[in-house]
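Number of protein chains: 2
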Amino acid sequence: MDTKERILKTALELYNSQGVNTITSRHIAAKMGISPGNLHYHFKHTDEIIKTLYDRLSADFDVIVASVEALEEVDLHMIRSFVTTSLELGYKYRFIFLHFVEIGLRIPAVKKDYATLTQRREKEFLSIFEKLKASGIFRADLPEEVLKAFVTQIFIVGDFWLSNNELTLKLKGSKAIAHYSDIFSSMFYPYLTPAAMQLTKGNR
Amino acid sequence: MDTKERILKTALELYNSQGVNTITSRHIAAKMGISPGNLHYHFKHTDEIIKTLYDRLSADFDVIVASVEALEEVDLHMIRSFVTTSLELGYKYRFIFLHFVEIGLRIPAVKKDYATLTQRREKEFLSIFEKLKASGIFRADLPEEVLKAFVTQIFIVGDFWLSNNELTLKLKGSKAIAHYSDIFSSMFYPYLTPAAMQLTKGNR
DNA sequence: TTTAATTTAGAACAAATGTACTAATTATTT
DNA sequence: AAATAATTAGTACATTTGTTCTAAATTAAA
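Just so you know, the sequences run in chain order D and U. FYI, the numbering for the first sequence is 6 to 209, going by our numbering. FYI, the numbering for the second sequence is 6 to 209, going by our numbering.
By construction, these hints were calculated from the structure, which means they are not laboratory data. Any given hint could be a false lead.
Identical copies go unnamed one by one, so any copy, or any two together, can satisfy a pair.
Said to hold, decoys possible - Taking lysine-lysine pairs in the PhoX-like style, the calculated list, with each CA pair at most 25 Å apart, reads:
#1 K49 / K138
#2 K153 / K175
#3 K117 / K180
#4 K117 / K136
#5 K136 / K116
#6 K177 / K136
#7 K49 / K175
#8 K117 / K138
#9 K49 / K180
#10 K97 / K116
#11 K138 / K97
#12 K49 / K128
#13 K180 / K128
#14 K136 / K97
#15 K117 / K177
#16 K128 / K175
#17 K36 / K116
#18 K49 / K116
#19 K153 / K14
#20 K177 / K153
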């Protein structure tokens with residue numbers, strides 16, 4: 006593995022475990038056993054490391070969403086596995102979510118990118134909801150604005166479940182993912198038709 | 006106003022507008038026109054300023070929750086005004102929510118306090134939900150775990166709507182509060198009985 | 001094998017930060 | 001009015017940080 010890749014890997018580890026504000030380029034270099042000079046040969050600015058990691062997260066998530074969007078029909082099992090896969094990805098890059106505002110402040114490109122991304126995602130999610138409505142899984146009696154608000158809720162919980170975990174339960178790894186998967190599933194429950202509610206029995 | 010109070014006021018202003026990591030004790034002193042030495046006479050450690058502000062937020066919010074809990078009957082209007090009041094308080098101390106994880110990391114006492122507080126709040130919220138069920142406002146067919154998950158959702162959205170706003174819409178002041186009040190109201194919608202849903206017509 | 005390019009180490013620099021220290025000033029008490 | 005306490009300004013210090021610079025070492029190209 007070349008040095009650049011090792012820097013990214015080490016940075017991810019350290020940021021995840023110690024936070025983005027406590028870890029400096031020197032820490033990363035020290036942990037790798039290379040010189041600060043060498044690190045800054047590969048990344049002129051420390052923020053470029055963070056930006057690169059953010060871009061990877063963003064790209065990986067794109068793939069996940071695209072795979073759901075491509076489906077003709079969406080059912081609850083798909084949703085459940087979409088949730089789990091997303092949470093796993095989030096956990097991998099958890100420092101980004103734990104320090105989202107800080108990072109957005111430090112690296113305006115991240116903030117800008119996220120803001121436009123969100124607008125696209127909102128449409129994508131609403132189109133998935135339409136499919137769920139069409140399949141008789143989602144209730145049809147909910148006003149448009151309620152569904153829109155639900156999308157925002159999903160975004161907020163999706164972006165900050167890790168922060169909530171950090172401040173309260175502090176679950177690690179698969180335990181955290183399992184717990185918040187359940188919460189996500191429960192979030193959908195009141196939006197389901199009685200028939201779809203039946204299907205979830207024993208699944209939740 | 007004595008110096009100590011002025012420090013707190015200035016710090017709140019600066020933290021809210023520039024973030025907790027960019028503002029230092031020197032910035033606060035400079036903005037006030039006092040010396041760094043003077044500031045550190047009143048607050049030996051900068052973190053004490055943040056801790057004091059957190060304690061005030063926490064105490065203020067306690068009052069809000071207690072006032073709702075004291076009610077014999079809870080209706081949707083109460084909920085709505087509870088939401089608005091809470092969001093207003095959150096906006097006042099927004100830097101705390103925008104940097105919650107960082108602050109928890111820097112000041113372990115904050116993290117510890119918040120963790121235990123959350124446990125208490127969970128019970129308080131569930132008891133409010135029971136009242137809503139008893140009044141025929143909340144659906145009675147929702148499993149206990151779904152309501153518990155709803156509480157967690159409320160906590161996450163309640164703690165991080167400001168971060169979401171910061172990363173996306175960047176609404177200011179009352180516009181932000183109004184927008185996220187609507188989102189909160191919509192969050193409740195699918196949990197309502199058909200009768201209660203009727204009552205919200207035109208209110209949302 | 002010589003030459004050129006890439007990569008690396010290590011030192012150095014300037015800026016910033018938290019906080020301690022000292023002395024002066026102001027307020028309070030006796 | 002004198003003495004004591006509280007507050008304030010200003011300076012100083014040690015540490016940290018991001019980054020730059022130089023030269024050495026390694027790798028690739030000719």
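Exercise for the section: Go through the copies and call it for K117 and K136: within, between, both or neither, with a Cα cutoff of 25 Å. Expected result: Intra 30 Å, inter 43 Å, cutoff 25 Å: neither.
Practice task
Please work out whether the CA atoms of K180 and K128 approach to 25 Å or closer within one copy, between two copies, in both situations, or in neither?
Solution key: Between copies only: 23 Å across, 31 Å inside.
Problem - Within, between, both or neither, where K117 and K177 count as close if Cα-Cα is 25 Å or less - result: The answer is between: 18 Å across copies meets 25 Å, while 31 Å in one copy does not.
Practice task
At 25 Å max between alpha carbons, let me know whether K128 reaches K175 within a copy, between copies, both or neither.
Solution key: between (33 Å within a copy, 20 Å between copies)
Problem - Identical-chain pair category, K153 with K14, by Cα at 25 Å - result: neither (37 Å within a copy, 37 Å between copies)
Exercise for the section: State whether the alpha carbon distance between K136 and K116 is at most 25 Å within one copy, between copies, both, or neither. Expected result: Classified as neither; 30 Å inside a copy, 41 Å across copies.
Exercise for the section: Indicate which option fits the pair K36, K116 if close means a Cα-Cα distance not exceeding 25 Å: within, between, both or neither. Expected result: neither (29 Å within a copy, 28 Å between copies)
Practice task
Go through the copies and call it for K97 and K116: within, between, both or neither, with a Cα cutoff of 25 Å.
Solution key: Result: close both inside a copy and across copies, 20 Å intra and 23 Å inter.
Handout entry: Same-copy or cross-copy closeness of K49 to K128 [CA-CA at most 25 Å]
Key = Neither: 37 Å inside a copy, 51 Å across copies.
Problem - Homo-oligomer pair classification [K175, K49; C-alpha up to 25 Å] - result: Classified as neither; 34 Å inside a copy, 31 Å across copies.
Exercise for the section: If the cutoff is 25 Å on CA atoms, where do K136 and K97 land: within, between, both or neither? Let me know, please. Expected result: Answer is neither: 30 Å inside a copy and 40 Å across each miss the 25 Å cutoff.
Practice task
Pop the pair K117 and K180 into one bin, within, between, both or neither, using alpha-carbon distances up to 25 Å.
Solution key: between (33 Å within a copy, 21 Å between copies)
Figure legend: structure checked against the earlier numbered hints; hints not met, in rising order: 1, 4, 5, 6, 7, 8, 9, 11, 12, 14, 17, 19.
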